[in-house]
Every structure is written in C-alpha cells, then in structure tokens.
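Residue-level listing of the chains:
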Amino acid sequence: MAQGQTAPGIVSGRLSSEDIAANFDDLHPAYAPHEAAVAADRCYFCYDAPCVTACPTDIDIPLFIRQIQTGHPQAAAQTILDQNILGGMCARVCPTETLCEESCVRETAEGKPVEIGRLQRYATDTVMSAGVHPFERAASTGKTVAVVGAGPAGLAAAHRLAMLGHDVVIHEARPKAGGLNEFGIAAYKSTENYAEAEVDWLLKIGGITIENGSALGQGVTLAGLQEAYDAVFLSIGLGGVNALRAEGEDKDGVRDAVDFIADLRQADDLSALPVGRNVVVIGGGMTAVDAAVQSKLLGAENVTIAYRRGREAMGASRFEQDLAASKGVKLMFNVQPVAVHGNGAATEIELEYTSYTGGELTGTGETVRLSADQVFKAIGQTLEDAPGELTLDGRKIAVTGAGRTSLERVWAGGDCAAGGDDLTVTAVAEGRDAAMDIHASLSA
Amino acid sequence: MADLKTNFLGIESPNPFWLASAPPTDKEYNVRRAFEAGWGGVVWKTLGAEGPPVVNVNGPRYGAIWGADRRLLGLNNIELITDRPLQTNLDEITRVKKDYPDRAIIVSLMVPCEEAAWKAILPRVMETGADGIELNFGCPHGMAERGMGSAVGQVPEYIEMVTRWCKENYDKPAIVKLTPNITDVRFPARAAKAGGADAVSLINTINSIVSVDLDQMAPEPIIGDKGTHGGYCGPAVKPIAMNMVAEIARCPQTHGLPISAIGGITTWRDAAEFMALGAGNVQVCTAAMTYGFKIVEEMISGLSQWMDEKGYASTSDFIGMAVPNVTDWQYLNLNSISKAKIDQDACIKCGRCYAACEDTSHQAIAMSEDRTFTVKDDECVACNLCVNVCPVENCISMVELQPGELDERTGETVSADYANWTTHPNNPSAQAAE
Ligand SMILES: Cc1cc2nc3c(=O)[nH]c(=O)nc-3n(C[C@H](O)[C@H](O)[C@H](O)COP(=O)(O)OP(=O)(O)OC[C@H]3O[C@@H](n4cnc5c(N)ncnc54)[C@H](O)[C@@H]3O)c2cc1C
Ligand SMILES: Cc1cc2nc3c(=O)[nH]c(=O)nc-3n(C[C@H](O)[C@H](O)[C@H](O)COP(=O)(O)O)c2cc1C
Ligand code: SF4
Ligand code: SF4
Ligand code: SF4
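In order, the protein sequences belong to chains A and W. Our numbering applies: residue 1183 is where the first sequence begins, and numbers increase by one. Our numbering applies: residue 11 is where the second sequence begins, and numbers increase by one.
Please note that a few of the clues may not be correct.
Said to hold, decoys possible - Some, not all, of what chain A presents toward chain W, calculated at C-beta under 8 Å: (1) V1220; (2) Y1226; (3) C1228; (4) Y1229; (5) D1230; (6) E1284; (7) V1287; (8) A1291; (9) G1293; (10) N1394.
To be verified - Computed beta-carbon distance windows for the label pairs: (11) W316(W) / H1254(A): 38 to 46 Å; (12) R94(W) / Q1256(A): 43 to 51 Å; (13) M1514(A) / V409(W): 49 to 57 Å; (14) H1254(A) / D112(W): 42 to 50 Å; (15) S221(W) / G1313(A): 55 to 63 Å; (16) E1292(A) / T384(W): 18 to 26 Å; (17) K1512(A) / Y72(W): 20 to 28 Å; (18) K15(W) / L1209(A): 54 to 62 Å; (19) H1254(A) / M136(W): 23 to 31 Å; (20) M408(W) / T1539(A): 28 to 36 Å; (21) R1500(A) / V409(W): 34 to 42 Å; (22) H1254(A) / M408(W): 36 to 44 Å; (23) E1292(A) / F328(W): 31 to 39 Å.
Bear in mind the hints are in silico, worked out from the structure with no lab data behind them. Note that this is a predicted model, so its numbers are computed, not measured. Cβ atoms here follow ideal geometry from the backbone N, Cα and C, with glycine treated the same way.
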C-alpha cells in the first residue's frame, strides 16, 4: 500500500483494514495458561518485595503471582483488585519498566524482570471474562458523595466509597466514562474496548450513578455540590493543552495530540481516520510517543518526534522510545518549533536547534525545515475548570494528606491534584486513598 | 579423550551407560535404536515364565510431578513385566546380541519362587548368547501380589535362595536388582551376596502415589474410577538411590560387591556421582523415556570431558573414590566451624535468605533499610539454609574458620583438633577421649 502511504495531505485509508487491524493489535498480548505458569515460576517470592514498594497501589505482587502458580488466577485477581480496582487497565498501560518491573530483583539479576504486568493481566482477565465482580457493598451509611470526573481517579474513589456503603454520584462532562482510559491511552494498549468493559464491570458493585454531560463549571458548581453531598471528590484530570507559541500554530493540520488520540480511540473504523503523510509531533512525553506511533500505524509515511531537550530528559521511558523507533518513528532531540509554514494548511515545520547552558534552554539560531502536513502538539496538559475558590499548588489543585484540598469536605486526586506523576496507576491510588480518608471523616 | 570402556563383571561395554529393564528395552526395535544411539548396554525388559503372558491395564499407566516449565521431575508407573510371549523375546535377544556383539545385553527375569521355574527358563536364556541375567526382585505392583518382584525382594531369605538357584543353573553373571521398598537396603544386599550374586543393581521403583484428582477423588493415574500405588522413578528418586548405593558400598559385609546404579540418572554428572559412590556402571530408564535415546550422547561427551579435566584415564580410576568419605553422623567433626558469607556484589536483594533464617532458622541475617543483607557471625550456626534458598548461585558461601579464630557465636576459639559426638561431654554414652 505504498501508494496510500505517499498520498499527500491528511487522508484516510493509507493502509488496508487488515494491516491496520494487525498494527493495532495488543502491545502486550495475553498469556496462554502455560506461558503464565512459566512466567509465574520465575518469581522468587521476595521478602518485603521491592516490586511492591515500587507499585503506587502496593499490590501484593509475590502473593498474586504465587496464586497464579498454584492454579488460582481468580484469587490472584482478588489480591490485585483489593488494592487496585483498575488492575486490569493498569496491567495494560502501566509503564512497568519504570515501576514494578524496574525494581524486580530479576531485572537486577538478569536484566529480565518477572513480567508482572502481563501476569496481572492474566489474573484480572480471568475475573473479567468470567463476569465475576468479587466485591460486595457494606450496609448503607446513608451518606452521599459527589465525584467529579469519571477517569481512573474518580472511578477508583467511587468504587471504594460505594463498597464502604456510601452512595456515589459521578458528574462526568463527557458522554462516556473512563477518562483517559477511554479517550487517551494508546489503542494498542487497550484493545477490544477494554476501558468501557472495565467501567461496566466496576459499576457492578452498585451504589454508583454516573451523570454524563454534567460538567463542573457548566451548570454544576462546587458550592452546589458541597451543599447537596456529604463530601466531594474532584478528579477532573487535565483538560487544557499548553500552547505551542510558534508562528503559524493556527494553520490547518496543526492540532492537539490528545484530541487526535481521542478521535482515534472513538473511531469505529480506523481505516476511515485521516492522518498526514508527513507527521511531526512536538513533545517528549507518553502522549507524544502515542500520537507518533499511532500515526505511523495508521500509515503515515514519515513521522518525527521533535523534542526540545536531550533523550535523557524525555518523559517517555526508554521502552516507549524504543517502541517508537521500532515502528519507524524518527526521534529528534534538542530542537524546538519556531514556525509552521504553508498556505492556509501546514506543509512544513521549521525547527531550531537548542542548547542547554547555564540551566537554561536557548535556541542556537540554526534551523531546519521538515515536511509536515500534520503537526501534533503534545507539550503537556493543563488544569481547566478548577473552581476559583480552591487553593492551587503551581498549576494543580493543592492537596495535603490523602487528597484534602483547601476546602472543607472537598478532596481531589489524579492528574488534577498536585504531587502525582500523571499515571493511571497513581490516579487509582490517589482515588482509593482519598476514598478511605473521606470514609474516615464521614464515619467520624 | 578419556576411555569410557567399562568392564562390569567381565562384561565389556563401550561406555557405562546401560538402559534399565523397562519400556525402552521392551523389544528388538527399541533396543536396536538404543544401540544405534550409542548406549553401552541394555537390561532387557523383564521376562516371565513360559505360558500366557501377563496382561497390562490399557492405561493411563503413568503419573508425574513437574518442576518449573513442566520439567518432568518424577514419574510413576503401573506397568508390569513384558506382556509379550517368552519365545518372541528370546528370539529377539538372540538376534540383537548377534548383531551387536560389543554391547552388553542382560536378560531381566522374574518367575515364580520355585526352583523348577528358574531351572526351566535359565537354559533358554543361556541359548540367546546374552551376557548375563538380572533378577527382578523389585517390581512394586502387580507382580508382588503374585508372590514375585518386591514380594521376594523384601524377604532376604528368598533373595538368597533364588540367587543360589540361579548361580547353580546358569554360568554367566547374575545381578540381583533390589527394591527400595524396605527399611535397610543392606539386608537384601547381604542376602544377594550370600546367595552368590555377582552384583546388585538398585534401585527399582519406589511405592508412590504421585497425585490425587480432586474432582474424581482418586489417585492418579486413574483407570476407570480407581487408581493404585505405582513405582516412582526419575530425577526425584536420585538422592534416595544414592544413599542406598553408598550404604552397600561402605558396609563391611558388602563392600566390594559390584553395583550397577539406577535411579534418576539424567546427566553425565548424575552418573559420575553414583560411580564415585561405588557403582561400576549405571542404568537409565526415565531420562530415556523423557527425552529419547539421544540423551546418551550428552552423557558420553560430558563424562569423558570431566574425566579429561580431572585426568582420569578410565572409569575404574574414580569408581568408589567418594566411599571412604561417607561416614556416620557421629563421626563428623564438631570442631569444624563455618559462617555464611554474602557476596554483596552478587546479591540481588530478594530477601529470601532473610525470610528463611529469620522465620525458620537462627535469626542470623540482618536486613537494613536499603535492603542490604548481612550475616551476624554471633548467631550463624552455618546450617546452609540461606545458601540453599538463595536464587543466585555462589552468592552466599560457607567460609570455614581457621584454628585459632574466634567463633563469635560460642565465644570459643576454633580448635585444630578433631572431635566428634562419640567423645562429646553431652553424649550420655560418650567414651573418654584417648
Ligand atoms: C495520550 C495519553 C496517553 C497516556 N498513556 C498513559 C499510559 O500509557 N500509562 C499511564 O499510566 N498513563 C498514561 N497517561 C496518563 C493517564 O491517562 C492519566 O494520568 C490518568 O488518566 C489520570 O486520571 P484522572 O482520573 O486523574 O484523569 P482523567 O483520566 O483525565 O479523567 C478526568 C475525567 O474528568 C472529566 N472532566 C474533566 N473536567 C470536568 C468537569 N469540569 N466536569 C466534569 N467532568 C470533567 C474528564 O472528561 C475525564 O473523564 C496518558 C495520558 C495521555 C494524555
Ligand atoms: C514403565 C516402567 C516399567 C518398568 N518395568 C521394569 C521391569 O519390567 N523390570 C525392572 O527390573 N524394572 C522396571 N522398571 C524400573 C526401572 O528399570 C528402573 O529401575 C527405575 O525406573 C529407576 O530408574 P530411573 O529413575 O532411571 O527411571 C520400570 C520402570 C518404568 C518407568
Ligand atoms: S521483585 Fe520480582 S521476583 Fe521478587 S517478588 Fe517481585 S516480581 Fe517476584
Ligand atoms: S547458615 Fe543458617 S544460621 Fe547462618 S545465616 Fe544462613 S540460614 Fe542463618
Ligand atoms: S537470598 Fe541471596 S540474593 Fe537474595 S537477598 Fe539473600 S543473599 Fe541476596
């Protein structure tokens, strides 16, 4: 389909549906039972295991792996889900190479960690496919909690609160729950509509109502929520996108990477999704890598990630960088955009080389032009819609302890709260911990 | 290249690796394939008396236990002796021996415990030209219930009697195969020797139930809805077999009686260990049943490489070398003091040594905030548990204290003298040290 790949402009159908389906197949495919047994056998059942310390949700990894090994994957799933109700999604999206697997002693020993993520998927898949929801609600407390935002942080908080007997209403601006699990995570990490299936499964606990299209700041106010509920948990993520501040940023073909990914994740038919022939992604984080890789998988001929600092400063892990490179994405370091050229629509991007001296990043004056009919901005998301009465810490909601904000009976967690590291698993941990704190204060 | 040629009871074979009497040596077709693959000899699958052959159950006939990645560690079987007509086997043995004069062929026998039965079969075995016989006193199931196999092997008087009949009615070497399903293997070994056996071979399989089907609530393998105990073999039985071989090799009454070692032999190293404990050659069954006949190639090349490295020109150079170093517990040196030592560069900080020592041994390993594990010399008794559970080979070693050094645990200085339990003051029946 070379013809399709070299077609100019932003067009769909660069590759056949079969090629696209193959390209977007599972990044970390499910284990067959024997593979799982062999992988589980590699775990040493460490004392006070370093992998557990490295997991933001403190999953008892040696225990769940041993449960797989002894033929009880459902019990393993219970061990996982007790700590992390989105353990299934985390198994797919966690950058394990910088979390649990990085600190696995077999990584130290051989450079080959126990594949904790895939084992976690194996365990949680058995529960999901059996349609079992192994949690029950405690007797009703009569208390109500409003959760704003149905991303990982909000869902984790809601589940824990519902389990403890509180009634939860989630106000979600979008028509669908899931947050970035549904709209952001790369398609090859969450295949077969996993995000949606997981939300449906999570809601089986009962006691959680989701009000879609109900946005804080648009009709819903924080004061109103405080009035109507016993507690409020804010988990609105980072809705805004940083501006590029480059000339020509408004030309056709320049857009936010997260929007492109959201379209991609919601597309029924990926071969109908348009993508450029020459794609340039500005940024150095996971979003940049995801936008670049998925452009390539859709059939873009040339895809370049342009990052303003060196490789070592890149937010995306080495694994993610290598993944991009293996799919044919070119990584350019120490370049920043100065202008997008083109008559109405982008055709070229002009990048300036940078140098990092005296703690400051400056342009060297030397520039280079790359063909670019599509430019994705992936230079970070920002907090939007945060109610004005909340104290901020930098550009996020200030919190102390388990997500307590400056306001009485208002908690916050996930990406919108200060302190985390913008990962699904951290959002889950923060949601869970805030729920426990809310529960403690409601029971006091 | 070291010469692996082995002379066992005057029977020459190009290497010490024989196939044990079992399915691998069941018929001409298998045995020819085995010889082509390089096996030094075979003990033909056990023959019974003239008449209608025994009948095996259809199956399943095997059960197993596995280690990581389904590596077969132990096999259990409920097979009987050959279920083919006697004359068929004898004809095949004759043909194969003629074609492979340089390989050993031993005929395994099990007939009723009457002299007439043995007198009837032995001349027919003689005619085959086979190099000797092995008396199967070991089969733990099926045959024992008919007064043969381990039913004979468990009664030393019967062993002696049947062995004597054989020696009187057969001119070539007779090996007595022992069952491990007894309390002290030296008794049947002595009986075999008293009866005139040229050698003993051991072990036959161990009574076992390898697994229980928790749905059918029956031991496996299950025939219909019932199971029975089977005979256990394979890598898991090697330690048991080695102890039995060593017991016979070092017993004053049986010392020097040739031994053909059997039980879990899978690699050249297993064979070398058995031979160091006094075995003149080895027999293999499960390893061949697991991997096929080709494994003998590794056994041959591995053993000869090791012999070259050690400077042994022939197997007789090292056979029995470890026997003098097998002793009874009471003669171990109580003044030999060691301490565990952790190589911090090799340590991967899994903490298994800590859990093992802290929970189940002597609380002699310290764990720091940053997961550094160190041995407390004032607590360590050198039990070796940490070495055994550490996943990194050679990461923890036992360092022996030299005479004159302080044992921080006891506060005593290490003595250069040898002292054992027989002379220890805590021993109520201690004899005064001379
Ligand atoms: C492209 C991309 C790829 C990523 N890949 C990974 C990955 O592979 N692994 C990983 O661990 N992390 C990844 N992340 C980060 C991860 O997705 C986030 O850290 C995580 O989703 C944060 O969860 P959250 O619940 O805080 O916020 P979100 O997931 O952003 O959810 C916030 C929710 O709040 C809703 N909302 C927002 N404003 C309002 C409002 N005013 N009223 C009502 N509802 C509102 C939103 O619609 C959304 O549903 C990625 C992020 C992006 C952008
Ligand atoms: C299926 C099977 C059948 C056996 N049949 C006999 C037999 O007929 N006669 C005999 O002396 N030993 C028999 N044995 C025992 C083996 O010869 C051998 O002693 C035992 O398996 C231990 O050796 P290994 O660990 O190498 O298998 C049999 C073993 C197995 C597995
Ligand atoms: S660190 Fe690795 S080996 Fe140790 S418990 Fe965790 S997964 Fe298992
Ligand atoms: S040798 Fe035994 S006592 Fe000493 S540290 Fe190791 S486990 Fe503990
Ligand atoms: S068992 Fe071995 S590798 Fe593990 S902590 Fe102890 S010494 Fe280190």
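**Hints that the structure is at odds with (numbers, increasing)** = 6, 9, 10, 14, 15, 17, 19, 20
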